[in-house]
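Working from the sequences, and respecting the hints, build out all of it.
Listed below are the residues making up each chain.
2 protein chains.
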Amino acid sequence: MTVTRQLVNYLLDSRLDAIPADVQREAKRALVNVVGCALGGADHPAMDMTIRALGPYAGPPTSAVLGRRERFDPLLASLLNGISSHVHDYDDTLPKNYIHASSPVASALFAYASVNPVSGPDFLHAFILGFEVVSRIGNATYPAHYDAGWHSTGSVGVFGAAVAVGRLLGLDAERMTYAIGLAATQAAGIREMFGSMGKGFHPGRSAQSGYMAALLAEQGFTSGRFPLEGPRGFAAVTAASYDLDRITDGLGRDFDLLVNTYKPFPCGIVIHPTIDACSQLHHQHGITADQVAAVELRVAPLVKDLCDKKVISVGLEGKFSIYHAAAIGLGRGKAGLAEFTDEAVNDPALKRLRLMTEAVGDAGVSEDAVVVSVRLQDGRTVGMHLEESLGNLKRPLSDAQLEAKFRDQAKVLAPAGVDAAIAGCWGIAEMADVSTLIAACVPDDR
Amino acid sequence: MTVTRQLVNYLLDSRLDAIPADVQREAKRALVNVVGCALGGADHPAMDMTIRALGPYAGPPTSAVLGRRERFDPLLASLLNGISSHVHDYDDTLPKNYIHASSPVASALFAYASVNPVSGPDFLHAFILGFEVVSRIGNATYPAHYDAGWHSTGSVGVFGAAVAVGRLLGLDAERMTYAIGLAATQAAGIREMFGSMGKGFHPGRSAQSGYMAALLAEQGFTSGRFPLEGPRGFAAVTAASYDLDRITDGLGRDFDLLVNTYKPFPCGIVIHPTIDACSQLHHQHGITADQVAAVELRVAPLVKDLCDKKVISVGLEGKFSIYHAAAIGLGRGKAGLAEFTDEAVNDPALKRLRLMTEAVGDAGVSEDAVVVSVRLQDGRTVGMHLEESLGNLKRPLSDAQLEAKFRDQAKVLAPAGVDAAIAGCWGIAEMADVSTLIAACVPDDR
Chain A
89 MTVTRQLVNY
99 LLDSRLDAIP
109 ADVQREAKRA
119 LVNVVGCALG
129 GADHPAMDMT
139 IRALGPYAGP
149 PTSAVLGRRE
159 RFDPLLASLL
169 NGISSHVHDY
179 DDTLPKNYIH
189 ASSPVASALF
199 AYASVNPVSG
209 PDFLHAFILG
219 FEVVSRIGNA
229 TYPAHYDAGW
239 HSTGSVGVFG
249 AAVAVGRLLG
259 LDAERMTYAI
269 GLAATQAAGI
279 REMFGSMGKG
289 FHPGRSAQSG
299 YMAALLAEQG
309 FTSGRFPLEG
319 PRGFAAVTAA
329 SYDLDRITDG
339 LGRDFDLLVN
349 TYKPFPCGIV
359 IHPTIDACSQ
369 LHHQHGITAD
379 QVAAVELRVA
389 PLVKDLCDKK
399 VISVGLEGKF
409 SIYHAAAIGL
419 GRGKAGLAEF
429 TDEAVNDPAL
439 KRLRLMTEAV
449 GDAGVSEDAV
459 VVSVRLQDGR
469 TVGMHLEESL
479 GNLKRPLSDA
489 QLEAKFRDQA
499 KVLAPAGVDA
509 AIAGCWGIAE
519 MADVSTLIAA
529 CVPDDR
Chain B
89 MTVTRQLVNY
99 LLDSRLDAIP
109 ADVQREAKRA
119 LVNVVGCALG
129 GADHPAMDMT
139 IRALGPYAGP
149 PTSAVLGRRE
159 RFDPLLASLL
169 NGISSHVHDY
179 DDTLPKNYIH
189 ASSPVASALF
199 AYASVNPVSG
209 PDFLHAFILG
219 FEVVSRIGNA
229 TYPAHYDAGW
239 HSTGSVGVFG
249 AAVAVGRLLG
259 LDAERMTYAI
269 GLAATQAAGI
279 REMFGSMGKG
289 FHPGRSAQSG
299 YMAALLAEQG
309 FTSGRFPLEG
319 PRGFAAVTAA
329 SYDLDRITDG
339 LGRDFDLLVN
349 TYKPFPCGIV
359 IHPTIDACSQ
369 LHHQHGITAD
379 QVAAVELRVA
389 PLVKDLCDKK
399 VISVGLEGKF
409 SIYHAAAIGL
419 GRGKAGLAEF
429 TDEAVNDPAL
439 KRLRLMTEAV
449 GDAGVSEDAV
459 VVSVRLQDGR
469 TVGMHLEESL
479 GNLKRPLSDA
489 QLEAKFRDQA
499 KVLAPAGVDA
509 AIAGCWGIAE
519 MADVSTLIAA
529 CVPDDR
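Line by line, the protein sequences give chains A and B. Position 186, counted from 1, in the first sequence is what my numbering calls 274; the numbers after and before it change by one each time, with no gaps. Position 39, counted from 1, in the second sequence is what my numbering calls 127; the numbers after and before it change by one each time, with no gaps.
Heads up, some of the hints might be wrong.
Put simply, identical chains are the same to the list, so a pair is met inside one copy or across any two.
[Said to hold, decoys possible] Mimicking SDA-like on lysine to any residue, the simulated pairs with C-alpha atoms at most 25 angstroms apart in a straight line are:
id	residue 1	residue 2
1	K397	G449
2	K392	P319
3	K184	E475
4	K499	L425
5	K397	V459
FYI, nobody ran anything at the bench for these hints, they're computed from the structure.
Next up, the structure:
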């Protein structure tokens, strides 16, 4: 039986009560995180631009958008939910494949559930299935797919949106195959967009494309029958090497939600160790920006590859600059949304720190780690070898930290709405209709 | 100066009166061809499915769809125009890179011009620019991009739609760069879809995605600055080797419209020589299906690679079966739309001919050629070495043949509409507003 067919059969046969309790619990944590991120990004300029560009062509305004007052058709709402939840680079990360899997899946599901009655358990189930499909296809094609330059959150995320919506639509095996096929043939998103709004666009467009794939498949719109494994299928076309068994091995038994992580800082995951270590040095030694004479970082080679941007002028670029990471850690001792604005990136003190920082790729340093050495103006040198960055699997954010992160981002909601939204995520398995949660995520108009 | 920047400068500076007359003339031939194809595909089941799936989410119905009575928002209309004009595999082909460039460009432009005032000369100019951008990016990444499994009509076509709409929107250099960037990061479409509706979906989705890219760029939605040439840009990510100079060399001087071709048969271009040769044998020798004992084809290796489908049951599969090509040529002596229906593919006489046909890839046979050998039941063997297939650059369809092809497909229009539509394509450079042509392409409701 083909990999696609095995996957389709699993998607049709899966039952929520067969999914372990710890997986369901982690799915709720992922929802708390991604909904918070969507609220935090809801008023980003990229959202307003998208609404100005595409709003005039939107269909009947039936779907809510998380964190916004306007309503649009659910396809545009999917795009918007995806942009908002990823634009600050604050959403979750799978360390196995660097995919931010919740955004494309949840973005489509919230739009779908905004225009169709969906029970909490059905929503949770579809979310888990979509998340696992994304991660498994990601695992099967990692690292070749990512190394080629694909932003897997977009290029793989589309499958999760398609199967999650497809499951709620009740697609049969043939049509679920088409949904996967029409997702495969819309798979897109390149890493050259990093540091621009194009990155946040990826999970949004994937949510929208996956949703569309499921709708077309429902009507019988056909695709190739071997979209994942065929000689011109997704894996062969986009990855120089791959292992499709990783899509099907342990399906229904092993869940990657259990190895999902949540970011403490709104930027690329690979600069987290540097922020964490430099912030610790800032606080331990009372370092201020003007005391620093030189900074040397030893980082994993991938970090240098991804984040070697020193001369930057735009906040989004700061999210992928290892030099900016060192600068805000040492100079400010923290990394909130305010440290990744255009203003912060152009702060002369931070700019000076960036320019005096050197980064060396070192295969002996893991992607969770960093070795920092700071020479001060007074001749002293201080340093740190950080092995495990805050937010990684060994130092995960607690439920309370996730809630605090949510509250910090949910400025578009009134306090009562924040409480209701958080409670709705935790209580989704007992919710009769997810519209209750969605309503809590819409700002009060008064 | 980067390749993207050189291209952007050209797109902003180009003037229609600097484009040679023969190029403008060929652009009109391309329009006659693609509009005819859109009319021919307008009532295909894939169109009805798409409308059922996505119509409920469409925006205000301001845009016409070629060959349909319904109106939708222009983004959905772009998708529909693209599906209809490619679903029969009857549109144009660039032999240099196998791209069907008119469909993604014209599909977006007709939707745009349906909701915005666009003069004929501006439309023609934008079409030429979009077409050339598609072909040049196609040339730069061919054959590696295509060989990897990309259906370039989709994956490269998106650039043409983005820059053509972007030109009509009057984007400045920065925003035209974003339009190209947002096109690059939506580039998609894999060859595993061949033989399904997914193939026709590609130029449609590219038209829609390119249109969207231009709209977002207009509002300032940012992309990476090096979408074509960056280390994680379109070329590096999707082609193992490429030559970006082919995008810019001779820009404004050399036009690939002059090497565009139009299909006489509604199927993959690479099976045209076999249809042509087998049809000639049918007529010359009065061959009927039941007289044939065995068929041997020697074809270019690519043909065997693309079209090695012998056991088929769906009309769309027949468009990519070298065996079906031989069968309809020998058995029917023609290849119209009727030879690629499900009924034709399941015709027992044609099925028998397919099964007795063998195809051998031979590097000594060009992609325009075929060597056919037919053994008859009476012991005779007849054969032909066809060097140049009808419709290729050495045997192009005449204007009259293009018009006949248009009329054969335009069954959805009343005769007066057909005349007006053909006249509109030829006379576009003198048209005050393209809405005149679009109105002629909408079926009379009476």
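Each hint, compared with the structure:
1. K397 <-> G449: within (14 angstroms within a copy, 50 angstroms between copies)
2. K392 <-> P319: between (34 angstroms within a copy, 14 angstroms between copies)
3. K184 <-> E475: Within one copy only: 17 angstroms inside a chain, 54 angstroms across chains, cut-off 25 angstroms.
4. K499 <-> L425: within (12 angstroms within a copy, 59 angstroms between copies)
5. K397 <-> V459: within (19 angstroms within a copy, 57 angstroms between copies)
In this structure, none of the earlier numbered hints is contradicted; all agree with it.
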